[in-house]
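*Asks:* Listed in order, the protein sequences are those of chains A and B.
Using full-length UniProt numbering, the letters of the first sequence map in sequence onto residues 1 to 335.
Using full-length UniProt numbering, the letters of the second sequence map in sequence onto residues 1 to 335.
Derived from the structure by calculation, the hints contain no laboratory data.
The reader is advised that the hints may include incorrect statements.
Put simply, identical chains are the same to the list, so a pair is met inside one copy or across any two.
Cut-off 25 Å, straight-line C-alpha distance, at most; resulting in silico cross-link-like pairs (DSS-like, lysine-lysine) [stated by the list, open to error]:
#, residue 1, residue 2
1, Lys81, Lys6
2, Lys237, Lys325
3, Lys6, Lys88
4, Lys237, Lys6
5, Lys325, Lys6
6, Lys139, Lys81
The primary structure of each chain is shown beneath.
Protein chains: 2
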Amino acid sequence: MPELRKDPIVGRWVIIAPERLARPNAYTTRADHQKDAFDPFLEGNEDATPPEILAYRQPGSDANGPGWRVRVIPNKFPALKIEGELTKRGDGIYDMMNGVGAHEVIIECPHFETNMSRLSVDNIREVMWVYRDRLVDLKKDPRLVHGLIFKNSGRQAGASLDHCHSQLIVNPIVPINVQEELDGALEFYRYRGRCIFSDMIQQELATEDRVVIDSPNFLVFCPFASRFPFETWIIPKAHKSHFEDVTRQGIEELGVVLKQTLRKLELALDDPPYNYVIHTAPFDHKDLPHYTWHLEIFPRLAGVAGFEWGSGFYINPVAPEEAAKFLRDVDVDLD
Amino acid sequence: MPELRKDPIVGRWVIIAPERLARPNAYTTRADHQKDAFDPFLEGNEDATPPEILAYRQPGSDANGPGWRVRVIPNKFPALKIEGELTKRGDGIYDMMNGVGAHEVIIECPHFETNMSRLSVDNIREVMWVYRDRLVDLKKDPRLVHGLIFKNSGRQAGASLDHCHSQLIVNPIVPINVQEELDGALEFYRYRGRCIFSDMIQQELATEDRVVIDSPNFLVFCPFASRFPFETWIIPKAHKSHFEDVTRQGIEELGVVLKQTLRKLELALDDPPYNYVIHTAPFDHKDLPHYTWHLEIFPRLAGVAGFEWGSGFYINPVAPEEAAKFLRDVDVDLD
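Okay, chain A solo, but in the shape it has when bound (with noise of 0.2 Å):
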């Protein structure tokens, strides 16, 4: 029997369907991935893109040269640009204003690589710390006021080259996603003065069926509303609802937890393309008692999409049970 759950959060509902798993070719895709013909991110090739905005660097290289391990560049097809005034402005019922934002991309290592799942553990550490430290130095612009990172894995997620990269985007507005998050939260902080986060972690330690990792300070699960096949969230046990206030023995940890998830993952579902998403508090908040930040990741399998277009329904044929215990199951060695 098919199972309609609701997201706790936002208050979507989701059809867990497992017999659909059935249905011909509903499963599995490698990520297409093809070595570029010429790849700007490799190291050497630094004056194919803008010119860098932060790297993590050998002592005495030169900007825009190699000798970096991590390397942030503008977009350079920017859906938002740094320049220029905010100007909101509406035309009858409608409303708009200047696409005045941040769009970054991370460039994550220096040699070739297409899954952030074969980096090393310190690599992935100083990805996450660059992301940290954008977000920091941005959040300073009082025109903006949250700042999403994201990755996509692989062309059918949507990535234009294979070279590991993620991307940063700095709106002057809050994503839809986050807002409906920290309102469904809010209500829920309301009614019962508690961080539904942390109610969802107690619950998830407490019967283990959808626990991928449990580490230390950090939760590894596949929800119990997944909208996806696989979905996972990487969620801190202990609350804090900007990501930006993470501390190096935090990134410490989330190097290792986030490695051996993507590892996971990439072992269980034969490298296939993914995304995921950090959702992290407004800027122009201090820490808020009823949010959590965590990252989510989307494996992309085929045969599973279509239908949530335009209709915000999802349908996903694998119960986060059995997403999770597949995930649990595998064993990966780090570096």
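Please arrange chain B on chain A, whose structure you already have, making use of the hints.
*Replies:* For chain B alone, coordinates are given in the frame of chain A:
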């Protein structure tokens, strides 16, 4: 300069970023249609599908045999099932219910055809009338509250068979996108006493920039805050919240308008994969003064997916004014 636009109904912000059109491969995908090795939807192959729920047939022809024009069958891999109790229950902070509902497939023509745009106007009218008939019938079931009609056309749009078909999912809950529209429209109605969809139609007709087809009783336009390039909506000009209350006369005109629209998209975008979804009010309301049903079409163009997964935040490289102009200028012959 990119522009941030707010959807006036649900409050979702979209980035309209024409600069991104310069991105390599940002554009056009031909639908990957392959003639299915075996086509279970072909006239004569009725025994390869579950028994029909409804068919428009030649007088004297037998159920589940040849002689039909449009045929409705249960989905062989259903996301929801019609049998059983609608048991609602909770588990800690989580809520769930049995997946009771209907999941049906509407086979749109007895011969092999991949794109509805190439069916005759009469054929399309009958498909629309079948939608109406199925909603009227399923509405009688007190467990069910909403009917979602949608089409996946082409493999990249989620179709698992190429033979023209659409689907109907009747739910015990309201999908969140429709609920958000209802909530946003109600808020507008309480504030201004008018249906926001009527205001939108008036403003679109006044400016004409985003109008694709202005038919006596229907407007075809690219919405102000289009999430996707060439996103196109068809909406009745007269206020009607429920699709199933459409009249014979309405369907006469809708058949022409839908065929014209799909044909324009086919010619303009080289037969792209696409999805459409009918947004209609829940069964358990009478005609709502603040809501108007409409059909939303999303061509699936290469390189524009990715980021919106999990963020609910859209970047659209094609301004709807450009898309509408392009579509207006495509000449189409009917039949």
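*Asks:* Now tell me, hint by hint, if it's right for this structure.
*Replies:* Hint-by-hint comparison with the structure:
1. For the identical chains of this complex, Lys81 and Lys6 are inter-copy neighbours only, at 18 Å across copies versus 37 Å inside a copy, given an alpha-carbon limit of 25 Å.
2. In this assembly of identical chains, the alpha carbons of Lys237 and Lys325 lie at most 25 Å apart only when taken from the same copy (21 Å versus 52 Å across copies).
3. In the homo-oligomer, the alpha carbons of Lys6 and Lys88 lie at most 25 Å apart only across protomers (11 Å), although the nearest pairing inside one protomer, at 36 Å, exceeds that limit.
4. When the C-alpha separation of Lys237 and Lys6 is checked against a cutoff of 25 Å, the pair qualifies only within one copy, where the shortest distance is 22 Å, while the shortest distance between copies is 35 Å.
5. Taking the closest pair of Cα atoms, Lys325 and Lys6 come within 25 Å of each other only inside a single copy of the chain (21 Å); across copies the shortest separation is 41 Å, beyond that limit.
6. In this assembly of identical chains, the alpha carbons of Lys139 and Lys81 lie at most 25 Å apart only when taken from the same copy (15 Å versus 49 Å across copies).
Violation of the numbered hints given earlier is absent; every hint is satisfied by the structure.
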